[in-house]
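Colleague: Note that the protein sequences, when read in sequence, are chains P and W. Note that the first sequence covers residues 159 to 528 in our numbering. Note that the second sequence covers residues 7 to 243 in our numbering.
Don't read these hints as lab results, they were simulated from the structure. Heads up, the beta-carbon is just placed ideally off N, CA and C, and yes, glycines get one too. Just to be clear, a hint being listed does not mean it is correct.
[To be verified] Subject to a maximum C-alpha distance of 27 Å in a straight line, what follows is the list of computed BS3-like cross-link-like pairs (lysine-lysine):
#1 W:LYS132 with P:LYS436
#2 P:LYS436 with W:LYS158
#3 W:LYS199 with P:LYS437
#4 W:LYS132 with P:LYS172
#5 W:LYS158 with P:LYS172
#6 P:LYS172 with P:LYS437
#7 W:LYS98 with P:LYS436
#8 P:LYS437 with W:LYS158
#9 W:LYS98 with W:LYS158
[To be verified] In silico negatives: residues of chain P with every beta carbon more than 12 Å from chain W:
#10 ARG167
#11 PHE189
#12 GLU287
#13 GLY288
#14 ALA295
#15 ASP307
#16 ARG380
#17 SER382
#18 SER404
#19 THR409
#20 LEU434
#21 VAL439
#22 MET443
#23 THR450
#24 ALA477
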Amino acid sequence: MFLALREIRHQPSKFALAVAVVALVAYLTFFLDGLANGLASSYRTGIEQRDAAAVVITEDSNEQINASFLSRDQVEAGTGALAAQGVDELALVAGTARPVSGAASGETRSDLYVFGLDLGGFARPQVVEGRDVVDAADEVVVDDSLKRDGWGLGTVFQLVGSEHRWTVVGFTHDDTYTTAPMVFADRQAVLANTPNTLVPAVNALLVHHAASDEQTVPERTRQSLDDAGLQALSTQEFINTLSGYSAQVATFSLMVAALIVIAALVLAIFLYVLNLQKKPVFGIMKARGVPTNYLVRSGVVQAAVLSATGVLAGFALTAATSLVLPEQIPFRVMPGQYAAILAAFVLCSVIGGLISVRFVSRIDPAEAIA
Amino acid sequence: MSAGADRARRAAQDGAPVLELSGVSKQYRQGDETIDALHATDLTVRAGELVGVLGPSGSGKSTLLTVMGGLRTPSAGRVLLAGREITGLPEKERARRRHREMGFVLQDAGLVPYLRVTDQLALHDKVERTAADEARRAGLLEALGIADHRDKYPEELSGGERQRVAIATALYHDPQVVLADEPTAALDSGRAKVVARLLAEQTHERGRAAVMVTHDERLLPVCDRVLRMSDGALSPC
Ligand SMILES: Nc1ncnc2c1ncn2[C@@H]1O[C@H](COP(=O)(O)OP(=O)(O)OP(=O)(O)O)[C@@H](O)[C@H]1O
Ligand SMILES: [Mg+2]
């Protein structure tokens, strides 16, 4: 600690460069991670907020909810099998909405997902503005991201392929599904007014979180679902089936990991060059009897201090940027992930620092004299 | 020669042996060649004694010093520091004894460039995890005339001041023996004498042993005993 910090204090400008490089790469990493999380959560949040432990779809659907159509028998079999846990039927309509009244009316069209479900059930939306649906036949609540398209309370819209007029009476927050806003309507009303290009059907059963902390569906129940041609996916499994989700998460993770490794590598090379220049000084200290592992430890501490400083600076830049970021850009800070990134940065730098000072053990202390 | 030095010399004769070399020799292997850098040597350095080693370049002075200091293992013979053998110890162990029981003054000072004067001394405490001895540090810097420079980096000091810092660093932890390899090589002769005299004073005052390698004959008057090295053979002169 002593040597490491004293050296930095002696020539801060020399180390500022290394800190700046780490800070910029960390900034890029945090920013990328925030965007990745923002994007990933805009796939997920609408599902996650449904308080469901699992999603049941047909086996024939190949794990694609838009290809899952439950027959009346299947709905009955599934509802029966899952009665103990609580279950809701979901009619999902991917549609394009065209407002016919209010400020948004005209040419603007919005792509959205209509979730037809039991508006009084466990999966019901949490209204943050306006009110709950009272008239189930033609009232809906919608995600507040539609406000960016000019929607407001009282907006009336039609879905392309249907004449039915829906009226917005409330807004929910963070209810998006595969990045598109969600509309919550009564299931019967949705089935009665499905656009003519689609088949009115129940596409899935949502399984309520059991009172016990059992997350998924018991084996016995799975068997009866299987007999009915149905399969249960845990909510997380279901999210992973959303098209593009897994690939996107994997791509971003890989990029973040690559950036961390690159930053550590740059820091390690920088420290290696610096340490190499200090070889005679290491020789002198070894001659005086300063233990090799004390010197190595100082080198490692130095790497850790420099990278931690850089990462914190990068974090500050990210925080500042997120304040001025436009709302349309999904950006989400996950403190746990940021902590993990910080730890990964420091760990990689420590390894790099260790490699860069390892040569100290091979310096012959006698050389300082002879 | 001053009366003070005379007294010191007498004291040195019956001081306890601090550094003992018996039958110590060193050969370097270079390809097929073997260089006899140091022939079998016996030497005892006592507490309160400053021993000067004089000799031409390549005669084996540094070799002697590195072997005494436990920096190199002798090819034969034994080196005892404070009665305990250091030959044959693993480097880790020798490093520990160097750090605790020896002080080094190297050519061109051998200071750590990024430590201020006080920190040069503090490094010892940091490594040993001991509390800094402020009084001793202040006393040493005062005695060596560098108290005003305590917050300077080596690059901000003159060659003579650097050497005095090096002496302070070598003495700070009150080592059994101080080993100096051409501590005045980078200095003009006036300054060289001052630095050598400081080394002698500190040795006498604190009753410690010191060995100073030099090829500057003018420094010899400050030594209590002078040995001559030629072609790897050490002899009194
Ligand atoms: N590491 C080594 N490998 C091989 N030979 C060496 C090594 N170090 C010293 N020597 C040889 O040993 C002999 C004594 O060298 P040493 O460095 O002890 O001399 P010195 O008296 O200190 O000389 P100088 O006054 O120039 O510093 C020389 O012939 C030198 O070439
Ligand atoms: Mg030499």
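Colleague: Now tell me if each hint is right for this structure.
Modeller: Checked hints:
1. W:LYS132 with P:LYS436: holds, 20 Å
2. P:LYS436 with W:LYS158: Judged against 27 Å, a Cα distance of about 20 Å means the pair holds.
3. W:LYS199 with P:LYS437: violated, 31 Å
4. W:LYS132 with P:LYS172: Holds, at roughly 24 Å.
5. W:LYS158 with P:LYS172: holds, 19 Å
6. P:LYS172 with P:LYS437: This hinted pair holds, its Cα atoms lying about 17 Å apart.
7. W:LYS98 with P:LYS436: holds, 21 Å
8. P:LYS437 with W:LYS158: holds, 22 Å
9. W:LYS98 with W:LYS158: Distance of about 32 Å is beyond 27 Å: violated.
10. ARG167: violated, 8 Å
11. PHE189: holds, 35 Å
12. GLU287: holds, 61 Å
13. GLY288: holds, 65 Å
14. ALA295: The claim holds: P:ALA295 sits with its nearest Cβ about 79 Å from chain W, beyond 12 Å.
15. ASP307: holds, 61 Å
16. ARG380: Correct as stated: the minimum Cβ-Cβ distance to chain W is 61 Å, above 12 Å.
17. SER382: P:SER382 clear of chain W: closest Cβ-Cβ about 68 Å, beyond 12 Å.
18. SER404: Non-interface label on P:SER404 holds, nearest chain W Cβ at 50 Å vs cutoff 12 Å.
19. THR409: holds, 44 Å
20. LEU434: Consistent with the label, P:LEU434 stays out of reach of chain W, its closest Cβ about 15 Å off (over 12 Å).
21. VAL439: violated, 6 Å
22. MET443: violated, 7 Å
23. THR450: violated, 7 Å
24. ALA477: Its Cβ never comes within 12 Å of chain W, the nearest being 33 Å, so this holds.
In the structure shown, a violation is registered for the earlier hints numbered 3, 9, 10, 21, 22 and 23, in ascending order.
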